[in-house]
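Take the sequence shown: its position 47, counted from the start at 1, is 118 in our numbering, and no numbers get skipped.
Hints may contain errors.
[Unchecked claim] Ranges between beta-carbon positions, derived for each pair:
| no. | residue 1 | residue 2 | range |
| --- | --- | --- | --- |
| 1 | Asn-131 | Gly-110 | 17 to 27 Å |
| 2 | Ala-128 | Val-81 | 15 to 25 Å |
| 3 | Trp-126 | Pro-85 | 29 to 39 Å |
| 4 | Met-72 | Ser-97 | 28 to 38 Å |
| 5 | Asp-129 | His-109 | 25 to 35 Å |
| 6 | Phe-86 | Arg-123 | 17 to 27 Å |
| 7 | His-109 | His-130 | 32 to 42 Å |
| 8 | Arg-83 | Cys-142 | 30 to 40 Å |
| 9 | Gly-82 | Cys-142 | 31 to 41 Å |
Since the hints were made in silico from the structure, they are not lab data. Every residue gets a Cβ at the ideal spot worked out from N, C-alpha and C, and that includes glycine.
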Amino acid sequence: MGSRVAGRVVGRQPFGVFIRIDGVPSGIGLAEILAMPHGMELPALGAAVAGRVIWHADHNCQVKIKLDDWCSE
């Protein structure tokens, strides 16, 4: 956790966006809407995004990402 990642939005759902992670052939991450500040919008399909891994599951290689645009730090 805490690793920096970048990629492109490949799917949008009411609960968040799916991101194809650069440099990881089968890497897909999820940025959940719960981590999105009030008043912001989900990135568009095809948008380049970056953030950090905030959760992962070894057994199925799932990762959750908090996008840089969603951080106030």
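- Query: Taking 32 to 42 Å as the hint, is the beta-carbon distance of His-109 and His-130 inside that range?
  - Reply: 33 Å, holds
- Message: Given the hint of 17 to 27 Å, is the C-beta distance from Asn-131 to Gly-110 inside that range or not?
- Response: 33 Å, violated
- Query: For the pair Ala-128 and Val-81, does the Cβ-Cβ distance stay inside 15 to 25 Å?
  - Reply: 19 Å, holds
- Item | Cβ separation of Met-72 and Ser-97, checked against the hinted range 28 to 38 Å | Given about 19 Å between the Cβ atoms, the range is violated.
- Message: Quick check: does the Cβ-Cβ distance between Phe-86 and Arg-123 fall within 17 to 27 Å?
- Response: Distance hint for Phe-86, Arg-123 holds at roughly 20 Å.
- Does the Cβ distance between Asp-129 and His-109 fall inside 25 to 35 Å? 33 Å, holds
- Query: Is the distance from the Cβ of Trp-126 to the Cβ of Pro-85 consistent with 29 to 39 Å?
  - Reply: For Trp-126 and Pro-85 the Cβ distance comes to about 20 Å; the hint is violated.
- Look at the Cβ atoms of Gly-82 and Cys-142 and judge whether their distance stays inside 31 to 41 Å. 22 Å, violated
- Taking 30 to 40 Å as the hint, is the beta-carbon distance of Arg-83 and Cys-142 inside that range? 20 Å, violated
This entry does not satisfy hints 1, 3, 4, 8 and 9, going by the numbered hints stated previously.
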